[in-house]
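**Q** Listed below, chain by chain, are the residues.
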Amino acid sequence: MRMNIICNGKEMAVVEGTTLEELILELQLNPATVVAECDGRIVLRDEYSQVTLSQGAVLELIRFVGGG
Amino acid sequence: MLTIAGHIFKSRLLVGTGKFASAEVMCRALEASGSEMVTVALRRVDLDDPTDDIMRVLDRSRYVFLPNTSGARDADEAVRLARMARASGGGDWLKLEVTPDPRTLLPDPVETLRATAILAAEGFKVLPYMNADPILALKLQDVGAAAVMPLGAPIGTNQGLLTRFQVEIIIEQARVPVIVDAGLGLPSHAAEAMEIGADAVLVNTAIAGAGDPVRMARAFAQAVEAGRTAFEAGAGRRQSRADASSPASGLGFLR
Chain C
1 MRMNIICNGK
11 EMAVVEGTTL
21 EELILELQLN
31 PATVVAECDG
41 RIVLRDEYSQ
51 VTLSQGAVLE
61 LIRFVGGG
Chain R
69 MLTIAGHIFK
79 SRLLVGTGKF
89 ASAEVMCRAL
99 EASGSEMVTV
109 ALRRVDLDDP
119 TDDIMRVLDR
129 SRYVFLPNTS
139 GARDADEAVR
149 LARMARASGG
159 GDWLKLEVTP
169 DPRTLLPDPV
179 ETLRATAILA
189 AEGFKVLPYM
199 NADPILALKL
209 QDVGAAAVMP
219 LGAPIGTNQG
229 LLTRFQVEII
239 IEQARVPVIV
249 DAGLGLPSHA
259 AEAMEIGADA
269 VLVNTAIAGA
279 GDPVRMARAF
289 AQAVEAGRTA
299 FEAGAGRRQS
309 RADASSPASG
319 LGFLR
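Quick note, the sequences are listed as chains C and R, same order. Be aware that the first sequence starts at 1, since it is given in our numbering, and climbs by one per residue. Be aware that the second sequence starts at 69, since it is given in our numbering, and climbs by one per residue.
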């Protein structure tokens, strides 16, 4: 079964039961350099594998970029 | 030596990592600058370009990371960005920026003061970007700022130390380091800030936007060092009347 989440403002279909860590890896991102906010709450890096995404979850994946 | 929040830095030049044409040029410019502290911003990951990751090229063991809250329009947005920066493992350092007006990018003094108080209480080492206002600088120190960062001119303008008079007062009153941030466009501008006693300067656009950013980074490093040495040496008195450098006597053979 697939469900919809909103990731960085875009709707995205993921398999039910997907963890945050699985999604980050599926998106070809490095979990070590990505900060995640799920439904407005910051998720600590060591918890990525324990957070299971739910239908309608609003996720923000953030990282450092060049800036002054 | 420059000490901010108990951390000792040999270099008094902080460098921003924005606007560089390539990661390679950025890395070489940072190296040439001799800087030990670099700023970074936080943005949404571009899901269409997952490998575009500055952390692949920046050596974390070499630089203290100073994440900024650029893009924040009020204290709440800045606090949210700050907490994200800390969650990323970036340490407790923070360059606080609250700029509600995209046209001028001038910092909001009220929201900056409010965010500084919140974040300092949460254990952040807060370095607030501020207008060159001596009273605000005192208030920011009172609520726990680890340093203050008055602007020389608006961000990215390369105009130089337009705020010299106010920055001099800030330096005179400061109990924390004063880092002149924003608007310095030339090494001479950085030297001027250091000559009047600024503890450090932060430069980004002037280096990243130069024809040869690596050489410009080196030029800024030299200027910062020269300016600091001049400050420590103590400037001679400025006066309006001429005062000959050569002896006035011993000219009898001429006339």
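Calculated from the structure, these hints are not laboratory results. Note that the coordinates shown come from a computational prediction; the quantities given were computed from them, not determined experimentally. Any given hint might turn out to be false.
[Stated by the list, open to error] One-sided and incomplete, this derived list gives chain R residues near chain C with beta-carbon spacing under 10 Å:
hint: 1; residue: 110
hint: 2; residue: 112
hint: 3; residue: 113
hint: 4; residue: 129
hint: 5; residue: 130
hint: 6; residue: 132
hint: 7; residue: 133
hint: 8; residue: 178
hint: 9; residue: 222
hint: 10; residue: 225
Beta carbons are placed, not taken as given, at the ideal position from N, Cα and C, and that holds for glycine.
**Q** Next, verify each hint and record whether it holds.
**A** Quick rundown of the hints versus the structure:
The beta carbon of residue 110 (chain R) is positioned within 10 Å of a beta carbon in chain C (closest approach about 5 Å), and the interface hint is therefore held. With 10 Å as the threshold, the beta carbon of residue 112 (chain R) comes within range of chain C, its nearest partner Cβ sitting at about 5 Å, so the hint holds. Interface hint at residue 113 (chain R): satisfied, since its Cβ lies 4 Å from the closest Cβ of chain C, which is below the 10 Å cut-off. At a threshold of 10 Å, the smallest CB-CB gap from residue 129 (chain R) to chain C is about 14 Å, leaving the interface hint violated.
Look at residue 130 (chain R): its Cβ only gets to about 15 Å from chain C, farther than 10 Å, so that hint breaks. Of the supplied interface hints, the one on residue 132 (chain R) is violated, with its beta-carbon coming no nearer than about 13 Å to a beta-carbon of chain C, more than 10 Å. Checking residue 133 (chain R) against chain C by beta carbon gives a least distance of about 8 Å; that is within 10 Å, so the hint holds. Hint status for residue 178 (chain R): violated, given a least beta-carbon distance of 23 Å to chain C, over 10 Å.
Restraint check, residue 222 (chain R) versus chain C: the minimum CB separation of about 12 Å is more than 10 Å; hint violated. With a cut of 10 Å, the hint placing residue 225 (chain R) at the interface with chain C is violated, because the nearest CB-to-CB distance is about 12 Å.
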